[in-house]
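Chains as they are written, first to last, in this note's numbering: chain A, 2 to 296; chain B, 2 to 296; chain C, 2 to 296; chain D, 2 to 296.
Calculated directly from the structure, the hints in this document are not laboratory data. Accuracy of the hints is not assured; some may be wrong.
It does not matter which identical chain is meant; a pair holds if it fits inside one copy or across any two.
[As the list claims (entries may be wrong)] In silico lysine-lysine, BS3-like type, Cα no more than 30 Å apart, as pairs:
#	residue 1	residue 2
1	Lys113	Lys197
2	Lys199	Lys243
3	Lys74	Lys243
4	Lys38	Lys199
The lines below spell out each chain.
Number of protein chains: 4
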Amino acid sequence: MNEFVGFIGIGNMGLPMAQNLLKAGYHLKVFNRTKSKLSPLLKLGAEAVDRPCDVVGPGGVVITMLSNDEALKAVMLGPYGVLKSLGPDSIHISMSTISPDTSRELAPLHRKVSAWYLASTVSGRPESAAAATLGIYLSGESAPKSRALPILQKLGRHISDCGEDPGAANVVKLAANFMLFSVIESFAEALAFTEKQKLDRTAVMNMLCDNLFDCAVFRNYGRLLATKEYEHAAFKVELAFKDLRLALKSGESVAMPMPFADSLHNRFLNLLATGKADWDVCAIGRGVDEQAGLA
Amino acid sequence: MNEFVGFIGIGNMGLPMAQNLLKAGYHLKVFNRTKSKLSPLLKLGAEAVDRPCDVVGPGGVVITMLSNDEALKAVMLGPYGVLKSLGPDSIHISMSTISPDTSRELAPLHRKVSAWYLASTVSGRPESAAAATLGIYLSGESAPKSRALPILQKLGRHISDCGEDPGAANVVKLAANFMLFSVIESFAEALAFTEKQKLDRTAVMNMLCDNLFDCAVFRNYGRLLATKEYEHAAFKVELAFKDLRLALKSGESVAMPMPFADSLHNRFLNLLATGKADWDVCAIGRGVDEQAGLA
Amino acid sequence: MNEFVGFIGIGNMGLPMAQNLLKAGYHLKVFNRTKSKLSPLLKLGAEAVDRPCDVVGPGGVVITMLSNDEALKAVMLGPYGVLKSLGPDSIHISMSTISPDTSRELAPLHRKVSAWYLASTVSGRPESAAAATLGIYLSGESAPKSRALPILQKLGRHISDCGEDPGAANVVKLAANFMLFSVIESFAEALAFTEKQKLDRTAVMNMLCDNLFDCAVFRNYGRLLATKEYEHAAFKVELAFKDLRLALKSGESVAMPMPFADSLHNRFLNLLATGKADWDVCAIGRGVDEQAGLA
Amino acid sequence: MNEFVGFIGIGNMGLPMAQNLLKAGYHLKVFNRTKSKLSPLLKLGAEAVDRPCDVVGPGGVVITMLSNDEALKAVMLGPYGVLKSLGPDSIHISMSTISPDTSRELAPLHRKVSAWYLASTVSGRPESAAAATLGIYLSGESAPKSRALPILQKLGRHISDCGEDPGAANVVKLAANFMLFSVIESFAEALAFTEKQKLDRTAVMNMLCDNLFDCAVFRNYGRLLATKEYEHAAFKVELAFKDLRLALKSGESVAMPMPFADSLHNRFLNLLATGKADWDVCAIGRGVDEQAGLA
Chain A
2 MNEFVGFIGI GNMGLPMAQN LLKAGYHLKV FNRTKSKLSP LLKLGAEAVD
52 RPCDVVGPGG VVITMLSNDE ALKAVMLGPY GVLKSLGPDS IHISMSTISP
102 DTSRELAPLH RKVSAWYLAS TVSGRPESAA AATLGIYLSG ESAPKSRALP
152 ILQKLGRHIS DCGEDPGAAN VVKLAANFML FSVIESFAEA LAFTEKQKLD
202 RTAVMNMLCD NLFDCAVFRN YGRLLATKEY EHAAFKVELA FKDLRLALKS
252 GESVAMPMPF ADSLHNRFLN LLATGKADWD VCAIGRGVDE QAGLA
Chain B
2 MNEFVGFIGI GNMGLPMAQN LLKAGYHLKV FNRTKSKLSP LLKLGAEAVD
52 RPCDVVGPGG VVITMLSNDE ALKAVMLGPY GVLKSLGPDS IHISMSTISP
102 DTSRELAPLH RKVSAWYLAS TVSGRPESAA AATLGIYLSG ESAPKSRALP
152 ILQKLGRHIS DCGEDPGAAN VVKLAANFML FSVIESFAEA LAFTEKQKLD
202 RTAVMNMLCD NLFDCAVFRN YGRLLATKEY EHAAFKVELA FKDLRLALKS
252 GESVAMPMPF ADSLHNRFLN LLATGKADWD VCAIGRGVDE QAGLA
Chain C
2 MNEFVGFIGI GNMGLPMAQN LLKAGYHLKV FNRTKSKLSP LLKLGAEAVD
52 RPCDVVGPGG VVITMLSNDE ALKAVMLGPY GVLKSLGPDS IHISMSTISP
102 DTSRELAPLH RKVSAWYLAS TVSGRPESAA AATLGIYLSG ESAPKSRALP
152 ILQKLGRHIS DCGEDPGAAN VVKLAANFML FSVIESFAEA LAFTEKQKLD
202 RTAVMNMLCD NLFDCAVFRN YGRLLATKEY EHAAFKVELA FKDLRLALKS
252 GESVAMPMPF ADSLHNRFLN LLATGKADWD VCAIGRGVDE QAGLA
Chain D
2 MNEFVGFIGI GNMGLPMAQN LLKAGYHLKV FNRTKSKLSP LLKLGAEAVD
52 RPCDVVGPGG VVITMLSNDE ALKAVMLGPY GVLKSLGPDS IHISMSTISP
102 DTSRELAPLH RKVSAWYLAS TVSGRPESAA AATLGIYLSG ESAPKSRALP
152 ILQKLGRHIS DCGEDPGAAN VVKLAANFML FSVIESFAEA LAFTEKQKLD
202 RTAVMNMLCD NLFDCAVFRN YGRLLATKEY EHAAFKVELA FKDLRLALKS
252 GESVAMPMPF ADSLHNRFLN LLATGKADWD VCAIGRGVDE QAGLA
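Looking at chain A on its own, in the form it has when it is part of the complex (with noise of 0.2 Å):
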C-alpha cells in the first residue's frame, strides 16, 4: 500500500479525497493552483509539488480532480502538462465533472504515449467525500481498472462500471446531476405550493420523505428547503450550473431535448442575475420561493 499516488486539485472535493488516500497508507504528490489549501495535506505527510508534471513518475497514477474542462486540459496539456510525464502503464484517473467529449478527446492522447485514461466521476457532497462513501461511476479501457479499483474503494462506497466508452462515466455523471436539480426544483415547488396553502414545509417535507420519497437525496435536500437554508455552500450555484451546461452542451451534440434541463436552465440565469452564484446549489428553492412572493 505504499504506492506513491499523484493528485492534482485540493478543492472542496479534493481535499477529503486526499486525506482518505493519505490515511489508507498511499504516498501523494500534490498539486494545486492555490498552494495554501495543501497544508492540510503537508501535515499528513503528503509531498507538494511545484509543476503539474511533477506529480508522476513513468508508471505512476495521477488523480485529477479539477473544477471544469478547461482547468483540466491545462494541467494535462499545457506548459509542464502532466502528459509529459506520462509513459507505458501510466494511468490518470480523471474524476472531475467534465464533458463527455473531453474524456473521448483526452484517452486517445493518454493511449499515444501508452499511458491510460480512466473517467471515473463521483456522487455525493463532500462530507460523503469525507466518509469514503461517494458513489463512483467508472468508465474506460479494462486493462488499467483493475489496478485502479483497491485506490477508488478507499475514497467511495459503490463503484459502478460503465463500460468502455472513456465518456460514459462522466455522462453518467451529468445523468444524475441533473436528476438532482430536478428533484431540489421539484421538492422546492411542492413545499411552496403547501406553504402557499397554509401547511407547515418541514411536517410536509417528513410526510413526503416518510412515504414515496424515503431516500437520503429526498431527506438532505428537503431538509435544507424546508427550513430554507439555502446559503451555506456545499455545491455553489455556479458549479451547479456548470454541470447543468454541459449536460446541455452534451444533449445538444446527440440532440437530445430535455424539457427540464431547459426549465432548469432559466432557473439557474435567475439565481445568478440575483446575486446567488456562490449559495449552495438548493437557493433553487429561494428563487421558487421569491417568485412566489414568499421571500
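Dock chains B, C and D against chain A, hints included.
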C-alpha cells in the same frame, strides 16, 4: 371489529382497499356505479346497495374512493346522496384524489348535520393498496380521527396527520403526485440522454438507483422506464393528468408559479394528443423518447 | 338608424363601444351591475334599466360585453336574465372574451326560443374601442349576421367571419390574445437581454420595429416595454391571465400542447404572486426584468 | 463607384448581396471555400481568388458573410487569413450572424494593424437580400462608418446605428432572430390550436394578420405555417438553431434568464432529433403539429 363501514368507489384502488377491510373483519356495505365490479367483494361477504345513501346509517362510517371531484359531489350531494344519511357522529373518510377546495367546501356541510368529514388521501399504486402498505395523509378536525385510525391502519402503513384544515391531506397528495411525475420526467429524460450516448438504459438506471436515487419511487419507475414498459396501466395517463390539473388549479388559487408543473402540463397534453390516455403514467418516458427520435 | 339596442357590461371596453353606438344614432337601453358607470352614457341619451331582462324586447338586439363566462351566464340565465326576454328574431351579440364552450352551450338555448346567438369578439385596447377601429371576429349561424353587421361596423374596422360554429370567434380571440402575450414576453426578454449587454432599450426597440417587426402590436407594446411603463392598466394582468386560462382550458379540451402558453402561465402566476394583478399586461416585462436582476 | 471590395462567403445570403454590389458597379474580389458557388458572380465580372488574404489590398474594404464564428475566425486569423492583408484604413464589414463576443475580440485585433472592424448584421431572408431590402444593424467605431455606408446602402434599405460597442449589431441580430423564432412558435401553436377546434388555418391566419398582427413577419411566416410548407428551406433549422444557441450563450454571459429561448431550445432539439435539420425554420410548426397529433 364487527363495525359496519360503507364503501363507495370500487376501482383499481378501491377494490383492494375494500378487500383488506373485509379480511380484517369489518362488515361492508358497498356501492359502485358499475355493479359488476362488486362481485369480488360480495364473495368476501360484502353487501351491495342500490343507492349511495344506503351504505351508511346514522352514526356510521363511510369511505369514498372516487375518480374525481364531480363523482364525489354527485355521490354526496346528488339525489339519494350520502349526506342525507349522515348525522351526529357519522364520519366520512374521503380518500379520493380531489381538489383541496372541494374538501374545504364539503367539511362544513357535514358539520351542519353534526357529521364529520376527514380527508384521507393515499400514496401508492394498486400493489401497495393490496399489500396494505399505502401511505396515508389525514386531515380534518381532531375529534373523529381516533375512531378513523384503526380503519386506516388496515389500509396503509404510514399515517401522517396533516392538521385540521380539511383540504390539507389533498394538498399534500397533489404535491406528492406532482413530485412523482417530476421524478418520472427527469428519469425519462436522463435515460434517453444516456441512450443517445450509446449507454445501456438498464445499466444506467441501476447505477443511479444504487447511488443517490436509492428509493422505491426511483427503482419502481426506473425499471419501467429503462425497459420501456409504458403501456400496461396501473395509473392511467388521463387520471394522472387529472391530478396534475388539480395541482395547477390549486396553485392558481394561491398564485403559486410552478414551472415544472407547467412543463408536465405540456407533456401530458402531448400524450393525450397522440393516443396514450390509457397508457400508464410512465408513458411520460414514451413522450420523451418520441421527441428524441428514439421511438 | 333609430333602432333600439340593449347593452350590458359598461367597463373599460364596453363604455366607449356603447358611446359609439349612441353617437351613431342608436337608442340604447343599458344595464350594468355598478350603476355609477352608466352616467357618461345617460348624458348621451341612453336609458338605464334595473334588470338585465329589461334591456331588450321581443325581436330586439342585445349586446353583452362582460368580464368572464360566469358574469355572462348570470346575466343571461340568472333571475331576470336576458334569455327570458328573447324571442323570434331576437339577436344576442356576445362580445365578451369567454370560453368557446360557453358560446357552444348558449347558442342552442337561444334557438330554443327562436332567438339567435352570435359570438363577436373584439381585438384592441380601449383606445381602439373609442376610435371604433376594433378588429371584430364574428361567428354563428348566417341568418342574423346581416342584421348585426351595421351595428358592428359602428364599433370596429375589420369584421372577419369565422363561420357557423358559435364558438369560433371565441377560439380566434383566445388565439389572438395568446399570440399577443407571446409578443410581449418575447419582446420583453429581447429588450432585457440587450439592456444587460449595455444597449439602449428604446434604440433597440425602434430598430426592431423599423425592420422585421413593423406593426402596431410591436410598436405599441414595444414602447411601453422599452420605457418600462408597466403599471398603468389598459388591460389588467388579472384579466389577461383569465384569457390565458381560457386558452389553456380550451386547449385541454382538444388535447393541444402549447409550450409557450405553459410558459406564460408561469409568468402570470409570478406577477399575481408579487402583487401585480392590477398592473397592465405589459408588466410581463417587469417579471422579466426582476428575474434578470434589472428591477 | 469603381471601388474594389473583397467578399468572402457566397451562400444563400452572400450570393445575392454580392450580385447587388456588382450591379451597383463595384469591382469584387471573391473567395469561397466551395469554388463552384462563385460562377454566377464571375459571369457578372467578379474576380475569384484562391486565398482569403487575396480578396483585399492595403486600405481596402472586405465584407465577410459566413455561417458561424469558427468560419469567420478561420478566414480572418487562419493561414492566409485576411487580417494579414489589412492595414491602415482597411475596413472589415463583418455581416455574419456571430457571437457578440467574437466581434468584441476581433475589433481590437484589427486596430492593432490600424484597420477597422464593423459589425453589420442583416435582417431578412434571401429574397430580401436579392431585393436589397435587408434591414442592417451597424456597430463599431464611428470613423469608418461613413465609408461603409454607401456600400451597405446597396444591400439594404434600413441601416440602424447600434453604437460603438463592436458587438452591439450582433446583440441586436440575436435578439431579432430570437423574436422571429418566438413569432413562429406562437403562431404555430395558435394555428394548431384553432385547427384542433375545426377552424380553417388559412382563414384564421388571414384574420389575425388583418388585425393585430399586420406586418411582414406574421404574414410571411403565417402563410407558410397555415399551408404547412415546412420543408423548402430559405433559413435552415440547423442554422436557426445555431443563432438560438448564440443568443443563449450570450445570455449566459450576462446572466439573462430567457424562458421563451429555453422553450425554443427544446423545440429545435426535437426538430434535429427527428431529421429536420435541413427543413426551413418554419418547421417549428411541424414540431407543434406532431406533438398535437396533427401530423
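Report the numbers of all earlier hints that the structure fails to satisfy, in ascending order.
Those not satisfied come down to hint 4.
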